[in-house]
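Each chain, letter by letter, is given below.
2 protein chains.
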Amino acid sequence: MPLKHYLLTPGPTPVPERVALAMAQPIPHHRAPAFEALFAEVREGLKWIYGTQQDVLTFACSGTGAMEGALVNFLSPGDAILTINGGKFGERWGKIGRAYGLAVEELKVEWGSAVEPRAVEAALRENPKIQAVCVQASESSTGVAHPVREIAAVTAKTGALCVVDAVSALGAMALPMDEWGIDVLLTGSQKALMLPPGLAFAAASEKAWRRAEGAGLPRFYFDWRREREMQRKNQTAFTPAISLVLGLAEVLRWMREMTLPAIYARHDRLARAARAAMEAIGCALFAKAPVVSLTTVLSPGGIDSDKLVKTLKTKYGVTLVGGQDAAKGKIFRIAHLGYFDDLDIVVAVAAIERALADHGWKQEPLGTGVGAAMKVMAEAAG
Amino acid sequence: MPLKHYLLTPGPTPVPERVALAMAQPIPHHRAPAFEALFAEVREGLKWIYGTQQDVLTFACSGTGAMEGALVNFLSPGDAILTINGGKFGERWGKIGRAYGLAVEELKVEWGSAVEPRAVEAALRENPKIQAVCVQASESSTGVAHPVREIAAVTAKTGALCVVDAVSALGAMALPMDEWGIDVLLTGSQKALMLPPGLAFAAASEKAWRRAEGAGLPRFYFDWRREREMQRKNQTAFTPAISLVLGLAEVLRWMREMTLPAIYARHDRLARAARAAMEAIGCALFAKAPVVSLTTVLSPGGIDSDKLVKTLKTKYGVTLVGGQDAAKGKIFRIAHLGYFDDLDIVVAVAAIERALADHGWKQEPLGTGVGAAMKVMAEAAG
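Read top to bottom, the protein sequences are chains A and B. Numbered as in my numbering, the first sequence ends at 382 without a single skipped number. Numbered as in my numbering, the second sequence ends at 382 without a single skipped number.
You may find that some hints are simply not true.
A pair holds if it fits inside one copy or across any two, identical chains being indistinguishable in the list.
What the hints assert, rightly or not - Below are the DSS-like pairs computed for lysine-lysine, each with C-alpha atoms no more than 27 Å apart in a straight line:
no., residue 1, residue 2
1, K307, K375
2, K95, K108
3, K95, K330
4, K330, K233
5, K157, K47
Because the hints were derived from the structure by calculation, they are not lab data. Quick caveat, the model's predicted, so the values are computed rather than measured.
My request is simple: use the sequences and hints to build the entire structure.
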């Protein structure tokens, strides 16, 4: 029999069967009342997950399009921004900023570490011209959770906006936008929201919308003010990705049934189980402040993690990802965000144990990692 | 029984069952060999439809995102462009251009008419600084086909680029990019390509790519040079809309089976049938140079076309669209691009005859329009 396939990557993530079926429905017209009613429901659901009274806007693009929008809607040419660069996505803030002629100040953080809120505070004190602090809630290249709540508390005392990329975080962990004072919060469809890629979402605070009025950078497709005006009428400025919106409505209904506290508790349990499993088989964790969305692991015994990932794929049907750039060949990443449950972690850990043994690493009996994961799960079940 | 629903709008268009099922497959990871092989197949198929040796790039966005890319990748601040404005989409070129600080010269064309190539030639002669001529192959707000081939022949003699929005044209009619000398050709997924909205496509000529080297407008998400570099490796710069790409591969396989000449002949037949039907029931056509993708009809007897569209929807389950802006309340539009066949036109015409009678317009016996359409179809079948 050909191998069964298991997708365990931090985006795209598996799409639940009921969501796949919802997206296979006939496409309604996006200017018809039936779509408007659906979109109104979706807008409410997004506000609920965001924990905000602001509009959460939906865009047909990947998360990077929303990152671009998060800058071009609130800044003017030459404005200074502070970017937290401790991975691929933190680095991307700088690339976008420079493409638009912003003065980018990078706060470099060692890969695998989280930024210190004090360092952000110091940078803002040293350069009071900084208009925005750009950070990842989950830096998925390293598996690190940056302290978004603390950073928002720091920026709240200044004129700078706290701009948060929560692409691989929102829906996996609590990020109550209004309560924490996040100014711009964006995410994508293909992570904890359990959809295929193709939609991005963004909301902005009153402080950010006031800034938008004078923002001089050019924009059209990603003009959030136009979108807000249209989406308040349950329309989009341009043709939306209708099938994905149909899926999103189904996702949000299901998330309401599950409740947010239960969803967050599940993500926390899976993360703890994956970490316990890796430590039990003698693999060190790469992230010093690990996010609940994924577990990043240093490949042990000098094994090239890209080769390990290849073995997992070709011999066991398990798709994990390795490391990028500075972490290439050194780490592998186990995703557990979105449509993941206990036994998915069992699958991942079992395959990793087998693949490590194939590559000559076997310090503990097979099943040691799986057992450690199961113990965490059983304890959480009470 | 609740009404059956018939989608007869010029985007979104109906999605074939086999394509909907292809998109309901489990999502592959976009950096995995299986996706790369699929993407290579898609890239070849797009070149085939485009009639080009150039790369056809795929983006996660609506058609408007590709329109924006068609300007920001090839122009610099202050550059002059000529836009053909004879409808909503022609007008959009100007809006995008002004948002990016371009000097927009509009060649206004009466709604319902096509631009005269001589007028384009004259405008280019009068203002030799014009860097690009922006036009719609199908202006779907009016149902007009602009003479793209002739315009490309005019720009070829100058330094200006011929930039063509073929969102509601490509795949419905021949637009051989290389043969005609089109410099930038863009389209979207939700029209003749029979997919849900969410993907856009674009290709550029050598003349355009040379221009791209010095283009000074800012861009990041829509940076076509970065995308070309990545897509040549069967990757995308940012996460692609994977489920739609799965559907696209299925669409392209099916289009190869049908062959392009047969697809274009079918569109031509359906367009002639729809026009014959409307004329047979005493309704005047709105477009003086009608495109094969849709038939725009003046609402007869002073009937508000928005009310007619509402009756069609609520009483017969048929979704058509009315007019926008200058044509609001005056026209209705029958789509026949993509997954449409003879009997879809029969459905549309029968429902329109009934709805017109409901609104008091009944000059001919019921079935007169349907009969006229059927005659065209039968003659085409031979």
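- Message: Within a copy, between copies, both or neither: which one fits K157 and K47 at a CA-CA cutoff of 27 Å?
- Response: Close inside one copy (25 Å), not across copies (54 Å); limit 27 Å.
- Query: Can you tell me if K330 and K233 fall within 27 Å by alpha carbon in one copy, between copies, both or neither?
  - Reply: between (49 Å within a copy, 24 Å between copies)
- Given a CA cutoff of 27 Å, do K307 and K375 count as a within-copy pair, a between-copy pair, both, or neither? For K307 and K375, neither the intra-copy (29 Å) nor the inter-copy (65 Å) Cα distance is at most 27 Å.
- Message: One pair to classify: K95 and K330, alpha carbons no more than 27 Å apart. Within, between, both, or neither?
- Response: Close inside one copy (25 Å), not across copies (48 Å); limit 27 Å.
- From the Cα coordinates, with 27 Å as the cut-off, is the pair K95 and K108 best called within, between, both, or neither? within (14 Å within a copy, 39 Å between copies)
Comparing the model with each earlier hint shows a violation of hint 1 alone; every other hint is respected.
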